[in-house]
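Peer 1: Here is what each chain is made of, one letter per residue.
Number of protein chains: 2
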Amino acid sequence: MTRFGPFLKASDTGQLEFDGVVVTDLADRFGTPCFVLSENTIRANFRRIRDAFQNVYPAEVIVCAGMKGNWGLAARRVMVEEGGGGDAFGLGELTVAMLAGSDPRKIVMNGANKSRETIEAAIDMGVLNQVDNIDELRLVGEVAADLGRTARISLRIRLPLSKLAEVNYVDARYPEGISPSYWKRTFKFGLEPETYVKAVEIAKTMPGVSLEGMHYHGGIPRRAGFYREETEDMVEQIAMIKEKTGWSPEYLNVGGGFVTERYGADMPPPMEDYAHGICDAIVATCKKHGMPVPVLMLEPGRYCWESAGIWITRVDARKEDHTLANKTWVYVDGNTNEMRDPFDPRCSVHHVVVANDVNRKGAEVVDVCGQTCNAGDILAKHRELPPLRIGDTLAFLDMGAYNESFANQSNVIPRSATVMVSNGRASVVRRRETVADVLSRESVPTWLMARPIARAAE
Amino acid sequence: MTRFGPFLKASDTGQLEFDGVVVTDLADRFGTPCFVLSENTIRANFRRIRDAFQNVYPAEVIVCAGMKGNWGLAARRVMVEEGGGGDAFGLGELTVAMLAGSDPRKIVMNGANKSRETIEAAIDMGVLNQVDNIDELRLVGEVAADLGRTARISLRIRLPLSKLAEVNYVDARYPEGISPSYWKRTFKFGLEPETYVKAVEIAKTMPGVSLEGMHYHGGIPRRAGFYREETEDMVEQIAMIKEKTGWSPEYLNVGGGFVTERYGADMPPPMEDYAHGICDAIVATCKKHGMPVPVLMLEPGRYCWESAGIWITRVDARKEDHTLANKTWVYVDGNTNEMRDPFDPRCSVHHVVVANDVNRKGAEVVDVCGQTCNAGDILAKHRELPPLRIGDTLAFLDMGAYNESFANQSNVIPRSATVMVSNGRASVVRRRETVADVLSRESVPTWLMARPIARAAE
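So the protein lines, in turn, are chains A and G. Read in this note's numbering, the first sequence has 47 at position 47, and its numbers run on one by one without any break. Read in this note's numbering, the second sequence has 100 at position 100, and its numbers run on one by one without any break.
Hints are computed from structural coordinates only; laboratory data are not their basis. Any given hint might turn out to be false.
Just so you know, same-sequence chains aren't split out, so a pair can sit in one copy or run between any two.
SDA-like, lysine to any residue: derived pairs with alpha carbons at most 20 Å apart [unchecked claim]: (1) LYS327 <-> THR446; (2) LYS361 <-> LEU385; (3) LYS288 <-> GLU272; (4) LYS188 <-> LYS327; (5) LYS188 <-> ALA10.
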């Protein structure tokens, strides 16, 4: 759980403040439900990662903050000001990255099935195109030739991770456990080493292609704590590829997957431990094989955004049942359409704070429910909270990653506004949706519009 | 799985046809991915339900097709033509229902935490407001008085279902099983019997309130096969309430939850069995207590929409790995952002048809993957399918319920168009989304726009 800290704290009068702004003032001014993003928390999270790695790595480190976790234009603008890069997936995320003024050298373009239009955009913009397979490599070459440009590329690899074959990793998403080695081998992304070597040979012969990087994304193995082992395996593969082809990457992108406190672990490794483990393994293995140390790229997503966002809702109603179920339900004006972070094994256990009365005494066990038709629309289930009253403003913490980007509109419910706060100021960065927005793509066939409304003949 | 039938079939040349339209022609004309809704299948599904119940029930039956499964304006218009009603949840769904020309008498307004604005709308429109709790009942009375109108209401009940307390129901959503009785008791919706009696007494004294109905939604118990038992329990509660208050409902709404073949059961009861079980239990229990048989309302969702919708995508790429994972991945231009039916325990096992070559011979085992960054973005996992080629059009069957209504925009990926087909004609009823649509609510605080883009001072 996020602890209160420099940007999230209780005022002397017991009000929750985020980046210098009283949260209930935001509720009054912009309405609820509402996401609130702290500019200074984004900056602090970014700097923590960058410094952790740059302090122990002998070459340049580029932090490409994952856009899938939060693709907001304003959030991206903050990242650009910090000198950060971005991991863009598809034309939409690439569009946001470039509209916000990103340095193309710090943007990587991911995807296992990129459209020609997307590849054209990546070449136009000069970003590093992370190629998934040989067919795509050929397509990139073709598009580059058509455009008369050079495509900067990186090749994505899948690793054998043979040392982890016998490991059984258990977390809440995989009740029966999973082998990190099996997972990475059967992952839909990237090339196995044998084909990778072929891809390098092909790329070297393509005139419109500049092969600059290797990409490997650590998901499960990193979360399971094997970041040293997987990094060694990766650099060993680089050495093997270099031996066979003479090529080694100028940019080495090790992806993301750095665990936060909320994300399935009470005591995740501090970012500095990840940095030590990964950087030491790269430097040592490069030295062992006499290879230059590459520029290091990282794709942390959750770590950048999660603690930078809270989500506020108002308590509208209470219902108590003392005879049949012996339960209390507290209804708020938000719902789980906006709380479906699909990667979070602890979904719906966000820490809840009474923003208008942080220090309220007492406790009761309640279900905090949303307003959709779904029985599972419970924002905090069987949770001990201070007694909640109609009109209270509840803040759900650590909501800055994946919740907005995966939000849906079930029951035709418009989505929240998002407000950025910074040193006591506040500005809407995503306007509140309306029912008209949700319905803006609807139409009716002319043959149906022409008929009178009456029960059809049977 | 949906079998081919009168509206979904293979042409003589091996092309998939839906409601008289060749599916690959739709792909060419409207692009992919694309949802396709068959007008005649919606009509057939609706008539199957209505007839099943009306044929065995001695009073009027009103089928209020659940909008949460599919809230499309065109789908709703078809339902209106059929004389069907709607289960609307919140102002957005109510808006669609009334824009499509619904008969207000056939629309029910659900919700556990309705805003004042929503209650006003329900009163304005004359629909049956299904009230969740006593506070809401008081609010409805207040709003009706303010508007100088009468509010038509129904009260939602939770049932003890004591006979089912020892039953353990297992389906894919609840790996360890669940007690249908416990589930219904602790459900966030409705009033337990003791409070229900109080609510009736209060409603009778309110001048602006016309108490007309009782609402009970069978979810788990009905899916578990206990529709007779739960119906008897419900009518016994009506008798108890009548004895204590003198009131009994003119409209009895038994909700939805009718299992389809795809939905977690190989051999679900035919709709006619549900109809017999439920209608017999109502009639017999009313007779036993000397009560008049009420108008019967139903809220089937999945049953109306699921088989009426398919979703088509194109194969863009293949990748084979014969050394490390020994797998084949087939990439299409759709993704699981639009295949997240959250109520379907068999999510991602939709039947897949090669629309351009329905009878193709041969078989291979593949993962059909989407284009998002998520490892879990697999539309058909480890599935035996005919050998798939780049350019094939794949049709995923039974996609008409919950997939569009819960679709999200992760990775800033625009959502599909929807086309309605009918007797050989086709019309766009939901236009394809654009990146500009997805980004249409974004902004950047002025204080950030004013600064030059440069790394912040450290």
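Peer 1: Each hint: holds or not?
Peer 2: Results of checking the hints against the structure:
no.	hint	verdict
1	LYS327 <-> THR446	neither (51 Å within a copy, 47 Å between copies)
2	LYS361 <-> LEU385	within (9 Å within a copy, 60 Å between copies)
3	LYS288 <-> GLU272	neither (24 Å within a copy, 74 Å between copies)
4	LYS188 <-> LYS327	between (45 Å within a copy, 9 Å between copies)
5	LYS188 <-> ALA10	neither (45 Å within a copy, 32 Å between copies)
Checked against the numbered hints given earlier, this structure breaks hints 1, 3, 5; the rest are met.
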